[in-house]
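Student: Single-letter residue listing:
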Amino acid sequence: MRIFPAFIELQTEQGISLHDLMPELRQSVTQSGIQNGFVTVTSQHTTTAIAINENETRLAEDIKSFLTRLIPPGDRYLHNDIALRDCPPDEPENAHSHLAAMLLGSSEVITLVNGELVLGQYQSVMLYELDGPRTRKVSVQIYGE
Amino acid sequence: MRIFPAFIELQTEQGISLHDLMPELRQSVTQSGIQNGFVTVTSQHTTTAIAINENETRLAEDIKSFLTRLIPPGDRYLHNDIALRDCPPDEPENAHSHLAAMLLGSSEVITLVNGELVLGQYQSVMLYELDGPRTRKVSVQIYGE
Amino acid sequence: MRIFPAFIELQTEQGISLHDLMPELRQSVTQSGIQNGFVTVTSQHTTTAIAINENETRLAEDIKSFLTRLIPPGDRYLHNDIALRDCPPDEPENAHSHLAAMLLGSSEVITLVNGELVLGQYQSVMLYELDGPRTRKVSVQIYGE
Chain A
1 MRIFPAFIEL QTEQGISLHD LMPELRQSVT QSGIQNGFVT VTSQHTTTAI
51 AINENETRLA EDIKSFLTRL IPPGDRYLHN DIALRDCPPD EPENAHSHLA
101 AMLLGSSEVI TLVNGELVLG QYQSVMLYEL DGPRTRKVSV QIYGE
Chain B
1 MRIFPAFIEL QTEQGISLHD LMPELRQSVT QSGIQNGFVT VTSQHTTTAI
51 AINENETRLA EDIKSFLTRL IPPGDRYLHN DIALRDCPPD EPENAHSHLA
101 AMLLGSSEVI TLVNGELVLG QYQSVMLYEL DGPRTRKVSV QIYGE
Chain C
1 MRIFPAFIEL QTEQGISLHD LMPELRQSVT QSGIQNGFVT VTSQHTTTAI
51 AINENETRLA EDIKSFLTRL IPPGDRYLHN DIALRDCPPD EPENAHSHLA
101 AMLLGSSEVI TLVNGELVLG QYQSVMLYEL DGPRTRKVSV QIYGE
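Chains as they are written, first to last, in UniProt numbering: chain A, 1 to 145; chain B, 1 to 145; chain C, 1 to 145.
Pulled out of the complex, with its shape left as it was, chain A reads as follows (with noise of 0.2 Å):
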């Protein structure tokens, strides 16, 4: 079996943003010649989560409000006290990004049958970007033969 390692590197906008990643997800398959297998998709961050869903622009407008509903940014969080923790003093006060990540998680597996990812119609491998505007990483692998 063969590996080919990939990694997709994107900027995020303001706060809450999704990103569809399937042109390039798409374009690592082509590169790697693998016909069938599997792709993994992880996310680099603590802040970022990868999940399936459909890429619409309303959609993406209700994810924003209902996370941000579920996990207000304002409520009271330990983790938010910067100057009580070890770490640098201008450490984003990030702990609804955390808690966001957390529910989402931070991995997909997909299957991949004669160089086509086996999604359906309306699916999208997306990035959740849940404490943007930053640089981030995916990364990408794709196994088989």
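Because the hints were derived from the structure by calculation, they are not lab data. All the given hints hold, so there is nothing to weed out.
Which copy is meant is left open, so a pair is good if it fits within one copy or across any two.
Pairs of lysine to aspartate or glutamate, DMTMM-like flavour, derived with a Cα cap of 25 Å:
no., residue 1, residue 2
1, K137, E116
2, K64, E93
3, K137, E93
4, K64, E91
5, K137, D20
6, K64, D86
7, K64, D75
With chain A's structure known, arrange chains B and C on it following the hints.
Tutor: Frame of chain A, contents of chains B and C only:
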């Protein structure tokens, strides 16, 4: 390493319903003849999820109540303004289903040792239908020797 | 491709507690001698979860508070009517733990390059105990060359 692809197709029920995939997963493992490796299970839809939990009737009811309270179907969601989206007019109003799928996740990976899925006594890999009833597909792939 | 199976066993604390698995994961990778491939980490219980997050004491307290508010253990759950279920009479009343495990997820997959797990600076793979104290097992499998 050998790769054995399989699909599970099933008919779901109204609204939220849980479907234990273990009988089909065990059957696919047996058919594959693979003894040691791993199994990936990936949802093929943006309003279903794959998660591991106990298959217990009363817990399934708790899950339905919890998700309905957490993400009320009757709340205001932009995704449900079908007329404002570039999509067929008979699309379902299912923003709440997408949000639940996002939280539950779309894939799990399970270890396979000596022909057995390495899972605890009460663990079942399950499909969570979040916008039924529909005919649904799950991608299963078995890897190993 | 070689497959190296491992188990991590650990003793958890009362209620919700977080356990950083990185020391054991790195030790298993070293023992396996595998340099390039991937690692799967799968919970063996329906009331524990596997997720990647920052291992920071105050954030762990925020996670406990958040999950307890989101899914109050004292709420009414059908799964907690032990007498009405077909199970031993000393089963714990832990519907809230099952619901949290469902949201957090049971497995993660991490890329392995040049003998190192490909994770960001603050990322730790962690076991989330949601119904402790108990003795818990995590299935780890390392694949590659």
